[in-house]
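Position chain B against the provided structure of chain Y, taking the given hints into account.
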Amino acid sequence: MRKSLSSFTVLALGAGLLAGCGQGDSKPSSNASETKPATGDKKIVLKLLQGKPEIADKTKQMLADYQAENPNVTIEPEITVDVQTRLKTLFAAGEAPDIFFVKGYTDMGLWRDRLVDLSDEPWMSKVLPTTLPGMTFDDKKYGFPISIEGYGFIYNKDLFAKAGIDKVPTTITELEQVNEKLKAAGIVSYSEAYKEWWTLGQHLLSLPFAYTPDPAGYAKQLNDGSAKIKDNPMIDGFFKVLDMTVKYGSGVESLGVSYDTEIANFATGKVAMIQQGVWALQPILKVNPDVNMGMFPIPLTDNAEDTRIPISVPNYYGVNKESKNVEEAKKFLNWIHENGQKYLVDSFQFVPAFSDLQATDQLGPLAADMNEYVKNDRIIPFAFFLWPAPGIQTQFVKPLQAYVGEQLNKEQALDEIQKIWTGAVKK
Amino acid sequence: MTPTIKKRLVYATFVTPAVLLFALIIMLPFARAIVFSFQDWDGISSDIKWIGWENYTAIFQDTAYLKSFGFTLKYVAVSTLLVNLIGFSLAIVLNMKLKTKNALRTVFFMPHVIGTLIIGFIWQFIISQAFPQIAEWTGLHIFEVNWLSYPGYAFWALIMVSVWYNAGYFMVIYIAALQGISNELLEAAEIDGVNRWQKMWHIVLPLVRNAFTICLFLAITSGFKVFDLNLALTKGGPFGSTESLALHIYQDAFANNNYTLASTKAILFFIVLGSITLIQVFVMKRKEVEA
Numbered sequence: 001m002r003k004s005l006s007s008f009t010v011l012a013l014g015a016g017l018l019a020g021c022g023q024g025d026s027k028p029s030s031n032a033s034e035t036k037p038a039t040g041d042k043k044i045v046l047k048l049l050q051g052k053p054e055i056a057d058k059t060k061q062m063l064a065d066y067q068a069e070n071p072n073v074t075i076e077p078e079i080t081v082d083v084q085t086r087l088k089t090l091f092a093a094g095e096a097p098d099i100f101f102v103k104g105y106t107d108m109g110l111w112r113d114r115l116v117d118l119s120d121e122p123w124m125s126k127v128l129p130t131t132l133p134g135m136t137f138d139d140k141k142y143g144f145p146i147s148i149e150g151y152g153f154i155y156n157k158d159l160f161a162k163a164g165i166d167k168v169p170t171t172i173t174e175l176e177q178v179n180e181k182l183k184a185a186g187i188v189s190y191s192e193a194y195k196e197w198w199t200l201g202q203h204l205l206s207l208p209f210a211y212t213p214d215p216a217g218y219a220k221q222l223n224d225g226s227a228k229i230k231d232n233p234m235i236d237g238f239f240k241v242l243d244m245t246v247k248y249g250s251g252v253e254s255l256g257v258s259y260d261t262e263i264a265n266f267a268t269g270k271v272a273m274i275q276q277g278v279w280a281l282q283p284i285l286k287v288n289p290d291v292n293m294g295m296f297p298i299p300l301t302d303n304a305e306d307t308r309i310p311i312s313v314p315n316y317y318g319v320n321k322e323s324k325n326v327e328e329a330k331k332f333l334n335w336i337h338e339n340g341q342k343y344l345v346d347s348f349q350f351v352p353a354f355s356d357l358q359a360t361d362q363l364g365p366l367a368a369d370m371n372e373y374v375k376n377d378r379i380i381p382f383a384f385f386l387w388p389a390p391g392i393q394t395q396f397v398k399p400l401q402a403y404v405g406e407q408l409n410k411e412q413a414l415d416e417i418q419k420i421w422t423g424a425v426k427k
Numbered sequence: 001m002t003p004t005i006k007k008r009l010v011y012a013t014f015v016t017p018a019v020l021l022f023a024l025i026i027m028l029p030f031a032r033a034i035v036f037s038f039q040d041w042d043g044i045s046s047d048i049k050w051i052g053w054e055n056y057t058a059i060f061q062d063t064a065y066l067k068s069f070g071f072t073l074k075y076v077a078v079s080t081l082l083v084n085l086i087g088f089s090l091a092i093v094l095n096m097k098l099k100t101k102n103a104l105r106t107v108f109f110m111p112h113v114i115g116t117l118i119i120g121f122i123w124q125f126i127i128s129q130a131f132p133q134i135a136e137w138t139g140l141h142i143f144e145v146n147w148l149s150y151p152g153y154a155f156w157a158l159i160m161v162s163v164w165y166n167a168g169y170f171m172v173i174y175i176a177a178l179q180g181i182s183n184e185l186l187e188a189a190e191i192d193g194v195n196r197w198q199k200m201w202h203i204v205l206p207l208v209r210n211a212f213t214i215c216l217f218l219a220i221t222s223g224f225k226v227f228d229l230n231l232a233l234t235k236g237g238p239f240g241s242t243e244s245l246a247l248h249i250y251q252d253a254f255a256n257n258n259y260t261l262a263s264t265k266a267i268l269f270f271i272v273l274g275s276i277t278l279i280q281v282f283v284m285k286r287k288e289v290e291a
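Sequence lines, in order, name chains Y and B.
To convert, note that position 65 of the first sequence is 65 in our numbering; the numbers rise steadily by one, no gaps.
To convert, note that position 144 of the second sequence is 144 in our numbering; the numbers rise steadily by one, no gaps.
Chain Y extracted, bound-state conformation (with noise of 0.2 Å):
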């Protein structure tokens, strides 16, 4: 009798353990018969996926005023440092999410086929030119530019006075004249936070490819074989600026700096400059609120004319195609755009991708000198963006690494990246 109560309990518990399994995948089923007839007030569920958990606070406070302005609506957010990864496994288990990140170009034409065209939208008319080619794919237009940022070398004014530099330099003779300058103040250049990926692999690698007449004919000649990347008329000028921010920095122990210790040097007042963008402002003013400070373009030759400043959209919103509330999703989205001064400039502190929204002093010294550059024009795209994988940026940064490293020349150097860019464009 026991023996047989017990085998009933396990039973039970067995079944109730299966059920509990069961559950998570017939839910999508069941939440879509609740959203089906989405017509009147019935309740939609937006699920949303995105970066930038800085701002993760600030984006859950706009869910929360577009709900109450839409009482129907549930926004449910899910905020993560890695995307891509998260996107990948959420499509593969069928949640996927209704809106979410993607990059622009290369990321943005994998994800195209899952995605709406959203070229008919209200607010499409309105995005600044600069980032339309990162989204248009066969005149279809699929991204929400969220924000516009640039990066450059940013640079401690109080240091600079001090070592009697009056004016930042905008060429790469220039460049060597202000360390020399630093350094004959006694004051460190450079704390490059070579062991990020980022850093180097993505953003100073990204330079002579984007310095570049036609980056995106480019990136195709070098996809077909008919360009090599050591023929780059900008890679001299590439690797002068890395070896200056070795030299006049923490030598092969660069390549243990952390982008933390690199913004607390910076911060501090250890080093007068930092390759780093408008993303920057935060995690400094964090360290120390009275930090002097601006940015410049990074020069890869001696022709002034030539020095521009890069500028893309880091993330854009894109609308999946398979959603059941697609309408709500572009609602949503034509209402972030409408509301976009309050929330994408003076909350979020973004620097607007539209035209009809104002950059204010409130965004800080660097995004300030950054508009001059966007103003007048003098703006190269993030070519990485154009790169043939979305991840292959933490490949190309080892033999860069190596490079900084002493353990590879560079012709060395050059010559693995070569190897995998041809390798990623073989799969």
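Check the hints yourself; a few may be wrong.
[To be verified] Result set (DSSO-like, lysine-lysine): computed pairs, CA atoms no more than 27 Å apart in a straight line:
hint: 1; chain 1: Y; residue 1: 60; chain 2: Y; residue 2: 419
hint: 2; chain 1: Y; residue 1: 162; chain 2: Y; residue 2: 181
hint: 3; chain 1: Y; residue 1: 419; chain 2: B; residue 2: 49
hint: 4; chain 1: B; residue 1: 49; chain 2: Y; residue 2: 88
hint: 5; chain 1: Y; residue 1: 58; chain 2: Y; residue 2: 331
hint: 6; chain 1: Y; residue 1: 88; chain 2: Y; residue 2: 60
hint: 7; chain 1: Y; residue 1: 88; chain 2: B; residue 2: 99
hint: 8; chain 1: Y; residue 1: 247; chain 2: Y; residue 2: 220
hint: 9; chain 1: Y; residue 1: 140; chain 2: Y; residue 2: 126
hint: 10; chain 1: Y; residue 1: 43; chain 2: Y; residue 2: 419
hint: 11; chain 1: Y; residue 1: 60; chain 2: Y; residue 2: 342
hint: 12; chain 1: B; residue 1: 99; chain 2: B; residue 2: 199
hint: 13; chain 1: Y; residue 1: 60; chain 2: Y; residue 2: 220
hint: 14; chain 1: Y; residue 1: 167; chain 2: Y; residue 2: 247
hint: 15; chain 1: Y; residue 1: 426; chain 2: B; residue 2: 99
hint: 16; chain 1: B; residue 1: 49; chain 2: Y; residue 2: 426
hint: 17; chain 1: Y; residue 1: 342; chain 2: Y; residue 2: 375
hint: 18; chain 1: Y; residue 1: 126; chain 2: Y; residue 2: 426
hint: 19; chain 1: B; residue 1: 97; chain 2: B; residue 2: 199
hint: 20; chain 1: Y; residue 1: 375; chain 2: Y; residue 2: 167
hint: 21; chain 1: Y; residue 1: 43; chain 2: Y; residue 2: 58
hint: 22; chain 1: B; residue 1: 199; chain 2: Y; residue 2: 220
hint: 23; chain 1: Y; residue 1: 270; chain 2: Y; residue 2: 181
hint: 24; chain 1: Y; residue 1: 230; chain 2: B; residue 2: 225
hint: 25; chain 1: Y; residue 1: 42; chain 2: Y; residue 2: 331
hint: 26; chain 1: Y; residue 1: 419; chain 2: B; residue 2: 67
hint: 27; chain 1: B; residue 1: 97; chain 2: Y; residue 2: 410
hint: 28; chain 1: Y; residue 1: 228; chain 2: Y; residue 2: 240
hint: 29; chain 1: Y; residue 1: 247; chain 2: Y; residue 2: 181
hint: 30; chain 1: B; residue 1: 49; chain 2: Y; residue 2: 321
Quick caveat, the hints were computed from the structure, so don't treat them as lab data.
What follows is chain B alone, placed relative to chain Y:
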């Protein structure tokens, strides 16, 4: 119902849920990975092609994969040796009659209750910020350099942290084994006049051999699968010199969009790890003493 059928039914009810869960969570993804290894897919598009054995021939020409295989083997060898050596030494010392025995056991076990990711970040901070301070105070050259900047140092940084993290855990297993040895045996040996060294070699070591089997198995498998500590402490750098297999496969799948190639690498990884641990357990089991 005959007794045997009833017995089998009871047996089945107990085992089925576990088998089902195991199949769902382990076997199914594993089977899927085997299928993936014969396909070509970037992880995103809806177009999956069959390519036969191409992935398997490709991985043997992939120098980065072979390099991380080499690194992982070296890491497993050194960390297994050190963690068992130190764990066992700690166990012997803390099995003696010490007043602070319990406090020390707790202290040595403590690192193991912290998550490896957090440990990685803490040690990254210690190595890059605290080591230079130590160098300033002591003048020791070894602390002057940033350990994470040089491949040789980065390897030992990983070893140091993983041994610090794991030694306490192995210590607990060894202490349990040591306490299982009956005092009568040891006393009898003492009366017969053996010295300390003989006691250790001829009585203690043979009797804790089953603990060695378990600990070596745990150290080898966890060493092969090292991922989060690797990610948090060195990120595989500098220049990929400390990239473990698990990290390499993850990056291939998710950063390089080589989903199917990564699956192939994972299959080979499984075969290698499986054979090594099977051989290890088989060989050591034969030498165990039933006490």
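Status of the hints after comparison with the structure:
no.	hint	result
1	60/Y <-> 419/Y	44 Å, violated
2	162/Y <-> 181/Y	10 Å, holds
3	419/Y <-> 49/B	24 Å, holds
4	49/B <-> 88/Y	18 Å, holds
5	58/Y <-> 331/Y	20 Å, holds
6	88/Y <-> 60/Y	23 Å, holds
7	88/Y <-> 99/B	55 Å, violated
8	247/Y <-> 220/Y	34 Å, violated
9	140/Y <-> 126/Y	16 Å, holds
10	43/Y <-> 419/Y	52 Å, violated
11	60/Y <-> 342/Y	14 Å, holds
12	99/B <-> 199/B	24 Å, holds
13	60/Y <-> 220/Y	40 Å, violated
14	167/Y <-> 247/Y	22 Å, holds
15	426/Y <-> 99/B	66 Å, violated
16	49/B <-> 426/Y	14 Å, holds
17	342/Y <-> 375/Y	22 Å, holds
18	126/Y <-> 426/Y	38 Å, violated
19	97/B <-> 199/B	17 Å, holds
20	375/Y <-> 167/Y	20 Å, holds
21	43/Y <-> 58/Y	24 Å, holds
22	199/B <-> 220/Y	73 Å, violated
23	270/Y <-> 181/Y	16 Å, holds
24	230/Y <-> 225/B	38 Å, violated
25	42/Y <-> 331/Y	16 Å, holds
26	419/Y <-> 67/B	16 Å, holds
27	97/B <-> 410/Y	62 Å, violated
28	228/Y <-> 240/Y	19 Å, holds
29	247/Y <-> 181/Y	14 Å, holds
30	49/B <-> 321/Y	23 Å, holds
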